[in-house]
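Protein chains in written order, with the numbering used here: chain A, 1 to 109; chain B, 1001 to 1114.
Treat the hints loosely; a few may be bogus.
Stated by the list, open to error - With a straight-line cut-off of 25 Å between C-alpha atoms, the simulated BS3-like cross-links for lysine-lysine are:
#, chain 1, residue 1, chain 2, residue 2
1, A, Lys96, B, Lys1070
2, B, Lys1071, A, Lys96
3, B, Lys1057, A, Lys96
4, B, Lys1009, A, Lys104
5, A, Lys68, A, Lys55
6, A, Lys108, A, Lys68
Derived from the structure by calculation, the hints contain no laboratory data.
Since we're looking at a predicted model, the values are computed, not measured.
Letter by letter, the chains look like this.
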Amino acid sequence: KNEVEQSPQNLTAQEGEFITINCSYSVGISALHWLQQHPGGGIVSLFMLSSGKKKHGRLIATINIQEKHSSLHITASHPRDSAVYICAVGAYNFNKFYFGSGTKLNVKP
Amino acid sequence: DGGITQSPKYLFRKEGQNVTLSCEQNLNHDAMYWYRQDPGQGLRLIYYSQIVNDFQKGDIAEGYSVSREKKESFPLTVTSAQKNPTAFYLCASSRAGGGAYEQYFGPGTRLTVT
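Take the sequences, apply the hints, and build the full model.
So this is what it looks like as structure tokens:
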């Protein structure tokens, strides 16, 4: 059983659409992280959150600790948003991260 | 500029050879990590280090070795004992160990063993 489950695995959208990627986890966490991996392979951190909601530009991340669920939203999607989005949780009391398998997003112009 | 560097970007080796992947950071981070990524799979932890001269095995440490002699450097050696070494390897660092600190990733090394 994976400690972190993401859905959907693949997502195709038209430019301008509102996008939601979901993440559920089964362990106690210190924080949840949303990462973005571009086709070249490099990974950047988008958000780190342990409660509530964070917003950065067109990206919004929310977390519900009781339900062990987080969502990443992209408003007004653009082809440059095409990437793999990875949910990761920092496990409480353990010095490690658990990673979801990623959601591959393709935004068409 | 602060960041993490990995070299080389692409690496080709013959089966049976050991190979060492470089990871350097100038962020003054205590914790460093090595991950492996295979197509269609999530990142898997190979080794991590929370402080100089100390490191712990991750989920898939067999066939790999590391050292942490300097705070800035955390090289990974892929030994001939690793049965399926062809993969994308990512190094990361964070201010401290534990999951509550943002991880910064290097650009990765794509290793091909034939």
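* To do: Sort out which numbered hints this structure fails and list those numbers smallest first.
  => Violated: hint 6 alone.
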